[in-house]
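**Student:** Now for the letters of each chain:
2 protein chains.
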Amino acid sequence: MSLKNTRAGNYPEWYQNVISEADMAENSSSPGCMVIKPWGYGIWERIRDVFDEKFKATDHENCYFPMFIPLSFFQKEAEHVDGFAKEMAVVTHSRLSMKDGKLIPDSKLEEPLIVRPTSEAIIADSFSKWIKSYRDLPVLINQWANVVRWEMRPRLFLRTREFLWQEGHTAHSTAKEAEEETIKMLNVYKDVVENALATPVIVGRKPEHEKFPGAVDTYCIEAMMQDGKALQAGTSHFLGQNFAKSANISFINANNQPEYAYTTSWGVSTRLIGGVIMTHADDEGMVVPPRIAPYQVIFVPVVKNPEDEATVLEYIAKLQKELSGKTAFGEKIRCKTDKRDRKSVDKFWEWTRKGAPVICEIGMRDVEGGKVMVKERLKLGTPEGKEIIAAEDFVNSIADRLENIQQQMFDKAKARQNLNVRTDIKTQAEFQKYFAESNIWIEDGKAGKVAFVRGKWSGDANSEELLKAMKITIRCIPFNQSGTEGECLLTGKPGATTDVIYARSY
Amino acid sequence: MSLKNTRAGNYPEWYQNVISEADMAENSSSPGCMVIKPWGYGIWERIRDVFDEKFKATDHENCYFPMFIPLSFFQKEAEHVDGFAKEMAVVTHSRLSMKDGKLIPDSKLEEPLIVRPTSEAIIADSFSKWIKSYRDLPVLINQWANVVRWEMRPRLFLRTREFLWQEGHTAHSTAKEAEEETIKMLNVYKDVVENALATPVIVGRKPEHEKFPGAVDTYCIEAMMQDGKALQAGTSHFLGQNFAKSANISFINANNQPEYAYTTSWGVSTRLIGGVIMTHADDEGMVVPPRIAPYQVIFVPVVKNPEDEATVLEYIAKLQKELSGKTAFGEKIRCKTDKRDRKSVDKFWEWTRKGAPVICEIGMRDVEGGKVMVKERLKLGTPEGKEIIAAEDFVNSIADRLENIQQQMFDKAKARQNLNVRTDIKTQAEFQKYFAESNIWIEDGKAGKVAFVRGKWSGDANSEELLKAMKITIRCIPFNQSGTEGECLLTGKPGATTDVIYARSY
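Chains A and B, in that order, give the protein sequences.
Just so you know, we're using our numbering here: the first sequence kicks off at 1 and counts up by one.
Just so you know, we're using our numbering here: the second sequence kicks off at 1 and counts up by one.
For the record, the hints were derived by calculation from the structure and aren't laboratory data.
No experiment lies behind these values; they were computed from the predicted model shown.
Be careful, since some hints might not be right.
For chains that are exact copies, the list does not tell them apart, and a pair is met inside one copy or across any two.
Pairs of lysine-lysine, DSBU-like flavour, derived with a Cα cap of 35 Å [to be verified]:
1. Lys176 - Lys318
2. Lys54 - Lys336
3. Lys321 - Lys347
4. Lys386 - Lys56
5. Lys468 - Lys99
6. Lys4 - Lys426
7. Lys229 - Lys129
8. Lys56 - Lys412
9. Lys321 - Lys54
10. Lys336 - Lys318
11. Lys56 - Lys336
12. Lys4 - Lys129
13. Lys4 - Lys211
14. Lys304 - Lys129
Here chain A stands alone, though its shape is the one from the complex (with noise of 0.2 Å):
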């Protein structure tokens, strides 16, 4: 009973049928915006309180700042970049009348605002009123909201015009605390979507070209998708004076002398489950792991005989209450009955598609011989797919049974992307034939024709002209460097020593 599309038919269709299927969002009729359904929404309910909770653990607050920006905050910036010309929601009026029957934007602002694309420019401002001396540094806070950037190509998490975010700010009287700060919370990035997620990742600092406007250093953790390519899951940067300067966020030192704060920014975003989709999904749908799952265990009733029903769900209830009494990954059991009035093959099947870590089918024959069945998602259609074991066991073993579900994901998942980082690719010839082909879907344990490359890179000015020919990007610089030299795989040139991931990318 697989998808309308594989990932070997149709992977970018595929990847549609499993948001829909599972039913995590859609798209709105507000042009290139979605809709994060229940289900979707409850993973990124998940995913945030994993996040938060570190957030807080190293000392950050969580603040909100206004999303509108007046547009003189960006003119600075503008006239640092040649043809400037940014992808924006502008806010022009402030009030809606009607005139001739037809509704019009009236009352014209002064100045215009810009909907947040990101809130450095607001929070630096901020920074500037808060921060007079060392004794105010750091401030660390971090900001939960909703961001908007223009995308023309709209796809549902993966680039919608609006989509929900983290976005940490900090400011440090020394660079080089900014700098631990910065790698810090790469750290913890890279730890939540690893051990949370699930989602295996690449640890390093982008080429000059891939950094984001204004910073000194941007670092990134990369994972790789089924079909090869790469999907930047979170970045961290460090912002030098920069944005200091720009804002003003400047104070009296320990010596007295007036200087500049140092500031950082780091961010994750709704994207992340569209890595999650891509990292764990299958022909049968959605997977989830267990830790950001809003439901880890299912109850189907199986009643045959309507006398049987309340027999059966008054077994359910007492499992369930069981089980709401135990904890896995640190947290209480999240587990639901399904009482819906559909077949309970369906709701099998809903469940399945919607990735369910465990569904439990209850029965007659489960009651009388005090059983549960046991279907763990991640087995589905194998002989293991299936298992008849007594309530006890079951309720005694479900932290165990949860967290094997989220090692064995996240272990299927590091082998592939060992398997498909190429790391004998030595010549620019070798390289271009590699990435000339083109790759559908790699299958579990196999390596991919077209994945990630790590190989040397020489670091030359007309690089991004030909990773843009090729199609390719640099998707970051590794922390852990061989130091050999070798031919650039990009120009040629021999004598390069830098060695990067190359990939095609989202």
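Given chain A, put chain B in place with the hints provided.
**Tutor:** Structure of chain B alone, referenced to chain A:
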């Protein structure tokens, strides 16, 4: 050490002082918008979490809908309103470009977009796609989001152009079920506002002219501020089939007939924080109910000799660990040690102004005696304001202490309300004389000059004008009607049977 302005001195300025001294929020450089700072946002997070748990417990699921609503969605509504004109943020361009050294809006949109003032229209559009059969009903969803109303006289928390809120939206197969939902959620609001925000409310139905546009019935909870004015703290709307008809939310009912769905919506916002301030803060600053305090217990080390510092901090760390293992209101105790490099007396006053419920000052004497010096914010300045008790007793009784503070705060506000709802005003003449007076601030345990009047209303068509002329409003028609007959306080007509709450308001 009271604030620059007191309630009796200058109530509006006092309100601003409370917020700035508690460092809860500030005006932003983005006109009419506020920055919600960590202490204010922390309070909002607690409020949000309490509501969210109740919404989920009543089977609602969270979603996210686009904040941009196409202008045409308002066309139908506008056609039904004479002289339609609404203060709303209108997005007309999707790009910012540089021309002659100046940034200008570019790429005009074919259809302007409105930044959501509320989401009925865009959510009804989704409902019309989701709902086909009575089996798809009810749909019970909620959204936490930012919304925009183009306020001309902004005031922190009470009226800002952008604010945060939740909006519940539901669809049902019968009017009865939708009406029950409307009242159920109104009761959830009353429960949370009274029990978590310690703010007593009066519950009722809005008169016709105060209803949400498009609603059949609007219900509300109304709170009394310390200056005797009313603050609408939450509303719940029964929308009948009005939105279903205009957005075509129709379904096949159990009799196989097409029918329009019955919808509801209900919301509370960051305005509640303004209500908490004006219910509980005093001339020394903010007072936060323990249940929504970001930190419930603050430890301030008092170190006279630097060599004692480690010992004091170690003692506090042990106490904090023990305390964090305890629960109050079903949640872990939230505590913090203020280790900043500041004078301990300044720290004490800072946390006092923030309204942290319990502040513990710990010095060597406490360490040696195994004691804790406990100061409750609510008892500041009274003989009981300072207790020295055994550490063990403090830890073991923390839940009782916080729950007592919570109850005292509610009781105090409830007593104020009881004393200040006048029910003895029986004629138009008395009524006009009463509201000719003006209040400054209602002292604890006393009746103010002007607050609420509970009395008769005829429901006359010219009521809105008469109310406007008197600068008062009808807050609600309370559920518990007396059924007696009397003179309409507004028009002077005899034979009025409806009891209403009259008041000035925010």
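**Student:** Confirm or reject each hint.
**Tutor:** Structure-based check of all given hints:
1. Proximity of lysine 176 and lysine 318 under a CA criterion of 35 Å is satisfied inter-copy only: 32 Å between copies versus 56 Å inside one chain copy.
2. In this assembly of identical chains, the alpha carbons of lysine 54 and lysine 336 lie at most 35 Å apart whether taken from the same copy (27 Å) or from different copies (17 Å).
3. For a Cα distance limit of 35 Å, the shortest separation of lysine 321 from lysine 347 inside one copy, 21 Å, qualifies, whereas the shortest one across copies, 46 Å, does not.
4. In this assembly of identical chains, the alpha carbons of lysine 386 and lysine 56 lie at most 35 Å apart only when taken from different copies (31 Å versus 41 Å within one copy).
5. In this homomeric assembly, lysine 468 and lysine 99 come within 35 Å of each other (Cα to Cα) only across copies, at 28 Å, whereas the closest approach inside a single copy is 49 Å.
6. For the identical chains of this complex, lysine 4 and lysine 426 are neighbours neither inside a copy (40 Å) nor across copies (72 Å), given an alpha-carbon limit of 35 Å.
7. Taking CA atoms no more than 35 Å apart as the test, lysine 229 paired with lysine 129 passes between copies only; the shortest distance there is 33 Å, against 43 Å inside one copy.
8. For a Cα distance limit of 35 Å, the shortest separation of lysine 56 from lysine 412 qualifies both inside one copy, at 31 Å, and across copies, at 34 Å.
9. When the C-alpha separation of lysine 321 and lysine 54 is checked against a cutoff of 35 Å, the pair qualifies both within a copy, at 29 Å, and between copies, at 19 Å.
10. In this homomeric assembly, lysine 336 and lysine 318 come within 35 Å of each other (Cα to Cα) only inside a single copy, at 12 Å, whereas the closest approach across copies is 39 Å.
11. For a Cα distance limit of 35 Å, the shortest separation of lysine 56 from lysine 336 qualifies both inside one copy, at 30 Å, and across copies, at 12 Å.
12. Only between protomers do lysine 4 and lysine 129 lie at most 35 Å apart by alpha-carbon distance; the minimum there is 21 Å, versus 56 Å within a single protomer.
13. For the homomeric pair lysine 4 and lysine 211, neither the shortest alpha-carbon distance inside one copy (39 Å) nor that between copies (48 Å) is at most 35 Å.
14. In this assembly of identical chains, the alpha carbons of lysine 304 and lysine 129 lie at most 35 Å apart only when taken from different copies (33 Å versus 69 Å within one copy).
In summary, the structure is inconsistent with hints 6, 13 from the numbered list given earlier, while agreeing with the others.
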